[in-house]
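Novice: Protein sequence lines correspond, in order, to chains A and B. Be aware that the first sequence starts at 0, since it is given in numbering that gives the first Met the number 0, and climbs by one per residue. Be aware that the second sequence starts at 0, since it is given in numbering that gives the first Met the number 0, and climbs by one per residue.
One or more hints might be untrue.
[What the hints assert, rightly or not] Restraint ranges, calculated between C-beta atoms of paired labels, are given here:
(1) B/176 to A/153: 49 to 57 Å
(2) B/173 to A/560: 40 to 48 Å
(3) B/159 to A/110: 54 to 62 Å
[Stated by the list, open to error] Listed below are several chain A residues computed to face chain B (Cβ distance under 7 Å; list not exhaustive):
(4) 240
(5) 249
(6) 255
(7) 282
(8) 406
(9) 429
(10) 447
The hints are simulated quantities; they were obtained by calculation from the structure and are not laboratory data. All C-beta atoms, glycine included, are put in the ideal place defined by N, C-alpha and C.
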Amino acid sequence: MDKILRINMSAAGGPTQSTEKAGEFAALGGRATTSTIVGKEVPPDCHPLSAENKLVIAPGMLSGTAAAISGRISVGCKSPLTGGIKESNAGGQAAQVLARLGYAAIIIEGIPEGDDLYKIHINKDRVEISVDNSNKLLDNYPLIDKLIKEYGDKVAYMSIGSAGERLMPSASIACTDPELRPTRHCGRGGVGAVMGSKKIKVIILDDAGCKNRPPQDAEKFKAANRVFVEGIRKHPVSGEGLPAYGTNVLTNVLNEAGGYPTNNFKTGQFEGGTKISGESLAELEISRGGKATHGCHRGCVIQCSGIYNDKDGKYLTKQPEYETVWSHGGHCGISDLDTIAILDYWDDNVGVDTIEMGVAIGVAMDGGLLEFGDGEGAIRLLQDEVAKGTPLGRILGGGAGMTGKAFGVTRVPVVKNQALPAYDPRTVQGIGVTYATSTQGADHTAGYAVATNILKVGGDVDPLKPEGQIELSRNLQIATASIDSTGLCLFIAFPILDQPETFQAMLDLLGGFYGIEMTGDDVVALGQKVLTLERKFNKGAGFGPEDDRLPRFFQTEKLPPHNLTFGVTDEELDQLYNWD
Amino acid sequence: MAEKQSLRVVVPLEQLSAFSLLLQQGIWLQAQIGCSVASLLTEQFNIEEKYIVERVTTLFLDFKPIDDLETTYVMDGSTLALSSAMPGLVGTTMRRGSHLAAMRGDISYQNQQQVVSGAGRIKIKLFNMVMTELGATFLAHGVCLTNGELDTLLSEMDDSFWQSIEAASVDDQQIDSASLVNRVRSAIRDEEILLKVEFTS
Chain A
0 MDKILRINMS AAGGPTQSTE KAGEFAALGG RATTSTIVGK EVPPDCHPLS AENKLVIAPG
60 MLSGTAAAIS GRISVGCKSP LTGGIKESNA GGQAAQVLAR LGYAAIIIEG IPEGDDLYKI
120 HINKDRVEIS VDNSNKLLDN YPLIDKLIKE YGDKVAYMSI GSAGERLMPS ASIACTDPEL
180 RPTRHCGRGG VGAVMGSKKI KVIILDDAGC KNRPPQDAEK FKAANRVFVE GIRKHPVSGE
240 GLPAYGTNVL TNVLNEAGGY PTNNFKTGQF EGGTKISGES LAELEISRGG KATHGCHRGC
300 VIQCSGIYND KDGKYLTKQP EYETVWSHGG HCGISDLDTI AILDYWDDNV GVDTIEMGVA
360 IGVAMDGGLL EFGDGEGAIR LLQDEVAKGT PLGRILGGGA GMTGKAFGVT RVPVVKNQAL
420 PAYDPRTVQG IGVTYATSTQ GADHTAGYAV ATNILKVGGD VDPLKPEGQI ELSRNLQIAT
480 ASIDSTGLCL FIAFPILDQP ETFQAMLDLL GGFYGIEMTG DDVVALGQKV LTLERKFNKG
540 AGFGPEDDRL PRFFQTEKLP PHNLTFGVTD EELDQLYNWD
Chain B
0 MAEKQSLRVV VPLEQLSAFS LLLQQGIWLQ AQIGCSVASL LTEQFNIEEK YIVERVTTLF
60 LDFKPIDDLE TTYVMDGSTL ALSSAMPGLV GTTMRRGSHL AAMRGDISYQ NQQQVVSGAG
120 RIKIKLFNMV MTELGATFLA HGVCLTNGEL DTLLSEMDDS FWQSIEAASV DDQQIDSASL
180 VNRVRSAIRD EEILLKVEFT S
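Excised from the complex, chain B in its bound form (with noise of 0.2 Å):
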């Protein structure tokens, strides 16, 4: 199978807010599945423990609460929503671990009985102050969608994020803002490719 398209995309970081809707709807990536909740964010994505479990302090996994990253294993597919604390009863119900969590067990995630490994994707979703701190990590390590998706994102930026563009490449070949907007106008809509957005401070 041929290599998607890859399209690099190099902003300052207050463009971050650009890829606000985004981030919360959820962004495909490319991951090794199979491995624990724990084991993704630390390995593949490099996020540190401590950031885990001071800041990420409520998890779903296709829309079930999760208590144990360490027993929780994504699957391919797997939707991952990440969030930090939530004020309210059933916010602080959310929580991993949360003493209150007798109040929605029954959306609790429960481990599964087979796991699979491999190559594969997930979906995951940045919320609140998690996204606005580890949105770039993830934006970085390069986001699945189709060419149709990404002309939708890219029509809904405004003149600020097309003025703040570093660098862009398609495949290592440098573009300019209109080039790019035309190449993905008339690339085929169905077809994926792979955009990485660095940002700068």
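Isolated chain A (complex conformation) (with noise of 0.2 Å):
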């Protein structure tokens, strides 16, 4: 990943392109990259759908590599969403490819003149951008279909739908799957929205000829990988539980906990949850032939992921995650798995982010648009107007926020006007200083369960003391924005978390890779410098303290069954940052 391709939509003549060498960024990746270059380009003041953004992608530091479990992709910009920096990433089989064929990064800025729609082809002899209106308004499914035709099955595609041609502030930048399915989504904060704003429809990536990146130190990194791949398949939770039901083995936990959020956030337990549950869905896509195992992208060793087929055993969509599952799901009042399945192959294919699409559906259920668990209703929503671009289908697509606004909805579960994922910070409180704080609006994967007892991040903290809220969650947003810049799944949390040698061979896959020593210290010094980057980036596009907040009912209204408020005051969540 030595060279990062840069792309002018604007130029006078048509879209240029150069070459340039990564420098900095050579040994850099995912988040640290994309955040780093979105936080040195692009006016934070600029208006996100203007010439003056810019969409960054960036496979992993160890993505194209041998390494197991290596394939994220992280796009950055100027949110649409939020008004803040967004880093957004997918697996699938894209960040494998791109780091293949040498890239660190692929800028992409201005926006032509004229209503053409561009393709871009990358291989290793060349980079060819070329007008194709012929793909205008095809949702992601009939686009990849059409688009194999023409360069095969042996590429990755990254594509928007026609949410993202419409510039909906949830639009998604799909990613292919192993079968060249449009599974896997960039999907938060409308990072699909800014590709369609620079009327680029599809990168093609094709790594023919191309070799695995090869390591530093090959006898360290090959050792290494084998400790690390032994790690995850012994940890119950990545060589167990993921792999037999998914991420959505957690609806049945969190509903138990009283944490799981229902009917737009009005109660904690959900009564249809157990036929929801990762254990019926298991069940049902083994029972109708399609699988409960499957991985994102090549070299996945945890395949969390599965295919759900209808009940004639015809493929319908990937395994809807957990987040899917709820958002559809329990938030509406939901309990029908395929109603559920129907509504994620939409989301999929129109390149909308599930979690908001979901949450805004519900929160227009709460504005009488439709009753809570009106489940045709819900796939008329988003087969027949947000598909469609109807005035209806703007509003929904314009996220959870919006559609508040539009229905007069003041129970609007959103932090910088994006969605809150399947967790209610009322039961979990700690989870919720994190929604508040993150510098990407709420996200449950911007403070994971990163091992942070192993990095010591910001020394001890004692895990029964009611004030280490804010400090735990601080050195968890530190950990998790390192993670984010190696191009490993998130997912490997668990058994670094539980076991040391298996931190210890995550190291040293680094290390071995780039020939340099690392340590936990060096892990946290770049989670520090993402998030200080990125927050400084928030602070010019207008953000202060007073948008660090969970909206105002979090506070007022309680929670069902443990009737609980959130209870950590503004005081203590502006002692989030507390290096800069």
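Make one complex out of these two single chains by using the hints.
Specialist: Right, dumping it as structure tokens:
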């Protein structure tokens, strides 16, 4: 990854391209790369859909290598949803292919004149940017089917559906999986709308003739990878629970804890929870000839995804994730897996963030558009309104915040205008701190369960001290920002949390590849650097302490069954970023 | 008080999945209450301590995560949910003795002031790997449910379940599948029955 591809869509006479040395980014990746470039090159106060915004695509530090589970790709820009900095990452094949092509990043800047729609084809010999208006308003599934006939099935595609072309703030960028289905999405924050604003429909990545990136210390790297894989496979979460049931294994547990937001955050338990649980989902998938265990990219050893077939045994969608099952399920009072799977398909096809869309529909239900539990109505909203770009569809595609305003709803679960994920912060107060203070808006992956206990980020924290909430969230956010830069899937968090030898193997993987000695301190320093950059950008975009807050209803409405409100004070929240 | 009727069904272990929804929703079991969670599981249900330590890493008593099984006591009517280790920040947070336990400190189980011992009943919920590994143990212990609930459960069983029944009896009297269904349907719906399911490997 020794080069950066820069594409200027505004250039007179049509888009131009140039290649520059990767420089400081040669040994960076993922979120560290996207946030650094956006922080340096994008004016924080620009309009996110203007020519001044840039779309930065970066594979992880270990992408394109033989390192297991290293296929996350990051997309960064100023977010049309939050108005702040955005890094959104996904699995699929794109990261591995882009890294093998040697690119540390693609930077897309400017906006072309006219209404032409472009595609970008990158292989080892050339970069071709061409007009292809035959792709206009095609959604992701038919688009990829069409492109496969042209470019074949040995490439990776990054595309937007009609939502991205229509510049909806919830629009995603789809990355194809090993079967070339557009199922893995950089979903959060409207990155698809930024790609749409630059009139780019699809990027075709072809690594034919390219090899895996070679490590500096092959022996150390190979040995570390072996220990790393063993650690992942022997851990009960990454080696058993996730492969057997997928991320939706969480539904029963969150429901039991009373922290499963139901009917737009009115209660913490959903009566229909067991019908849509990971256990029920896996059984249904297997009974219909689908798969409950499937990798989103080659080289994945966890395989937390699956294949969901319809009643006739025909492919319908990939296994819906926990967040999707929640946003379209419990959040909307829907307890039918087939309905949720159809909604998941439409999210992927139109190209919208599954959390944002599900939460928006639930907010609209709260505003009286539909009854909670109306599955057919929910499908109609996505299929007939969002997919067709009707005025109502554009409101929903504008996200939960916009939908709340349109329907006069006061209970709108957003932070920095981004919808909350599937964990109620009144039950798990610590995650509320992360939702409130994350640079990304409400995001459950911003402060993941990374091994802060091993890293000793900020020193030892007494987990039983109530005042530890801020410190724990701070440490988790720092560690997560660092992991987001490696290209490793966040689900490595569990084995590295519990197994020191697996944590050391991760450091040795990085060290063996780059020929350096990595320590926990290096991981912490990288995470802090990323967060500092993002925070600075957000300040320039006009964000202040008043934006690091949960919506008021979390402090005033008690959540059954525990009847708790969010109790962390504003003064405490303001102490999270204590180093900048 | 008269003993409730007892229904015994013997099926192959692969039919455990037929009881998946029931196990997730929870089954009522007769037990000695007023004991610790650790004692309940090891002494009354004969689950090995090693298994509990290594596999049952996430537990809830009455919707509250438990950190110490020795000092948490089950009461009459308690709901105890058992799960293996979970992914995600919140999944990790819910673990027994998690280093992130403070993040859910407001819902963590606190020790009771008074404990009453004696015969009672508890609801057990089983999730994920624990469901597949312990489901047979709890179903063999005997599940208390009404005839109406049993009718609903049996009506959801598919053909493979009915074809796989190796033996069935009501109060030790052998009964065939058709008679079993008729008997449950004609029984007083609110009256309780004890369902014991035994699995053969």
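Novice: Which hint numbers does the structure go against, in order from smallest to largest?
Specialist: Per hint list: single violation, 8.
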